[in-house]
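**Student:** Its first residue numbered 464, the sequence shown is counted upward by one per residue in our numbering.
Hints are supplied without guarantee of correctness; some may be wrong.
[To be verified] The calculated DSS-like cross-link candidates involving lysine-lysine, where the alpha carbons are at most 25 Å apart (straight line), are:
#1 503 - 518
#2 518 - 474
#3 518 - 508
#4 474 - 503
#5 508 - 474
Treat the hints as calculated values from the structure; they're not laboratory data.
Here the structure is a predicted model, which means the values were calculated and not measured.
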Amino acid sequence: MSSVVYLGDRKEGGLRFVIFAIDTVRYVYSMDAATSSRVKAIAEKAPGRALNIAKQWGHLEESYSIDEEIAKARSKLKRNK
């Protein structure tokens, strides 16, 4: 069973972005300020429900695996040695 984790939010220009993780995949959704505030408030107690709201009312900007980030970081470290 996968668990949903709310990682936080950020503001860029007029958009708000909320970030969730399911296992090793990160999902970034953009939305308006009011929806972002609602998602943030719900995420503290029910991150799965907050993710559903983000899916319904937000726009998926990007999704990526942290495994890819770890592999890139490791290869960068090897090159720098």
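**Student:** Does the alpha-carbon distance linking residue 474 and residue 503 stay inside the 25 Å limit?
**Tutor:** holds (13 Å)
**Student:** Quick one, are residue 518 and residue 474 close enough, alpha carbons at most 25 Å?
**Tutor:** holds (18 Å)
**Student:** For the pair supplied as a hint, residue 503 and residue 518, is the alpha-carbon distance within the 25 Å limit?
**Tutor:** Given that 25 Å is the threshold and the Cα spacing comes to 14 Å, the pair holds.
**Student:** Would the pair residue 508 and residue 474 pass a check requiring their Cα atoms to be no farther apart than 25 Å?
**Tutor:** holds (22 Å)
**Student:** Does residue 518 pair with residue 508 here, judged by a C-alpha cut-off of 25 Å?
**Tutor:** At roughly 18 Å apart (the allowed maximum being 25 Å), residue 508 and residue 518 satisfy the hint.
When each numbered hint is compared with the structure, no violation occurs for any of them.
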